[in-house]
Amino acid sequence: MQIKEDLKVNDFKVRYQKINWNKYFKLTSLRVSFLALILALNIVLAVFSKFVLGLIQIPPVTFLVLELTLITYFILLYVINLFYTIVFIFLATWMRFFIGDEPIGMLAMNLIDIVSVLTFWIVNFLVYKLVIGYIKTQKQHLITLYISQGTAGLFAAFAAAGFGVLINWAFLLKLYGVPEESRDYLLIPILIFNFVKIVINLIIYLSIFYAIDLLFKRYDI
968 MQIKEDLKVN
978 DFKVRYQKIN
988 WNKYFKLTSL
998 RVSFLALILA
1008 LNIVLAVFSK
1018 FVLGLIQIPP
1028 VTFLVLELTL
1038 ITYFILLYVI
1048 NLFYTIVFIF
1058 LATWMRFFIG
1068 DEPIGMLAMN
1078 LIDIVSVLTF
1088 WIVNFLVYKL
1098 VIGYIKTQKQ
1108 HLITLYISQG
1118 TAGLFAAFAA
1128 AGFGVLINWA
1138 FLLKLYGVPE
1148 ESRDYLLIPI
1158 LIFNFVKIVI
1168 NLIIYLSIFY
1178 AIDLLFKRYD
1188 I
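Taking our numbering, I'd label the letters of the sequence shown as residues 968 to 1188.
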């Protein structure tokens, strides 16, 4: 049993350290099906966020909505790869025209989600690289994934929240027609809101991660 378990962990390490570029970009029927499934989930979460969570207005940032679609990007990042996750973010964000989202909000969401995902991927990769040599069992590798992704998620929350403040200060609040004297007053609430939003998405993602990991092991997507 121990030998089989160690072999599985070694296979896991090889899969994460050696990239087959042909396989990385290849769109198999299984990948297309999975992307379609995640797109459907993304649309459901987008509709729920807009029409249910959108009813919750938090002053003074009543124009911001608690979005849950970031969960789907974390799932794609783990199961498929960074490239298709970034492509998916653009596709899923701009499809929201069909549910009545306005361009300024979609632009902000697009930029913040990309910063979140890139930061998450970089930090997760670095943390995992630091500890991969110490992984001996399946249980250890699962614990390591929780730690690396939890750490990466917090860094992503800080980075994206800070970036959100930057783009709101630079041009978004102006595009929303917010008076200049009110803009500085809104920056801290925007920072807090975006940080909390990403942490909520992270908590939900980690709460279902065990099932996602089982899916990842069962199917070579």
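Hints are supplied without guarantee of correctness; some may be wrong.
As the list claims (entries may be wrong) - Here are the simulated DMTMM-like pairs of lysine to aspartate or glutamate, each with C-alpha atoms no more than 20 Å apart in a straight line:
#, residue 1, residue 2
1, K993, D1187
2, K1017, D1068
3, K1141, D1068
4, K1141, D1187
5, K990, D1187
6, K1141, D1151
7, K1106, D1180
8, K1096, D1180
9, K1103, D1151
10, K1017, E1069
Claimed, not checked - Derived DEER-like restraints, expressed as beta-carbon distance ranges:
#, residue 1, residue 2, range
11, I986, Y1152, 43 to 53 Å
12, V999, T1029, 32 to 42 Å
13, T1029, L1093, 34 to 44 Å
14, P1156, N989, 39 to 49 Å
15, Y1152, R1185, 32 to 42 Å
16, S996, I1171, 55 to 65 Å
17, N1077, I1188, 51 to 61 Å
18, V1098, P1146, 21 to 31 Å
19, F1050, V1011, 44 to 54 Å
20, L994, R1185, 15 to 25 Å
21, P1027, K1103, 22 to 32 Å
22, F992, P1146, 27 to 37 Å
23, I1171, R1150, 50 to 60 Å
24, P1156, F1057, 20 to 30 Å
Keep in mind that the hints were calculated from the coordinates and are not lab data. Just so you know, these numbers come straight off a predicted model, no measurement behind them. Cβ coordinates follow ideal geometry from the N, Cα and C atoms, glycine included.
Verification of the supplied hints:
| no. | hint | result |
| --- | --- | --- |
| 1 | K993 - D1187 | holds, 12 Å |
| 2 | K1017 - D1068 | holds, 8 Å |
| 3 | K1141 - D1068 | holds, 18 Å |
| 4 | K1141 - D1187 | violated, 46 Å |
| 5 | K990 - D1187 | holds, 11 Å |
| 6 | K1141 - D1151 | holds, 12 Å |
| 7 | K1106 - D1180 | holds, 12 Å |
| 8 | K1096 - D1180 | holds, 18 Å |
| 9 | K1103 - D1151 | violated, 51 Å |
| 10 | K1017 - E1069 | holds, 12 Å |
| 11 | I986 - Y1152: 43 to 53 Å | holds, 47 Å |
| 12 | V999 - T1029: 32 to 42 Å | holds, 39 Å |
| 13 | T1029 - L1093: 34 to 44 Å | holds, 38 Å |
| 14 | P1156 - N989: 39 to 49 Å | holds, 47 Å |
| 15 | Y1152 - R1185: 32 to 42 Å | violated, 51 Å |
| 16 | S996 - I1171: 55 to 65 Å | violated, 29 Å |
| 17 | N1077 - I1188: 51 to 61 Å | violated, 25 Å |
| 18 | V1098 - P1146: 21 to 31 Å | violated, 50 Å |
| 19 | F1050 - V1011: 44 to 54 Å | violated, 24 Å |
| 20 | L994 - R1185: 15 to 25 Å | holds, 20 Å |
| 21 | P1027 - K1103: 22 to 32 Å | violated, 52 Å |
| 22 | F992 - P1146: 27 to 37 Å | violated, 47 Å |
| 23 | I1171 - R1150: 50 to 60 Å | violated, 31 Å |
| 24 | P1156 - F1057: 20 to 30 Å | holds, 28 Å |
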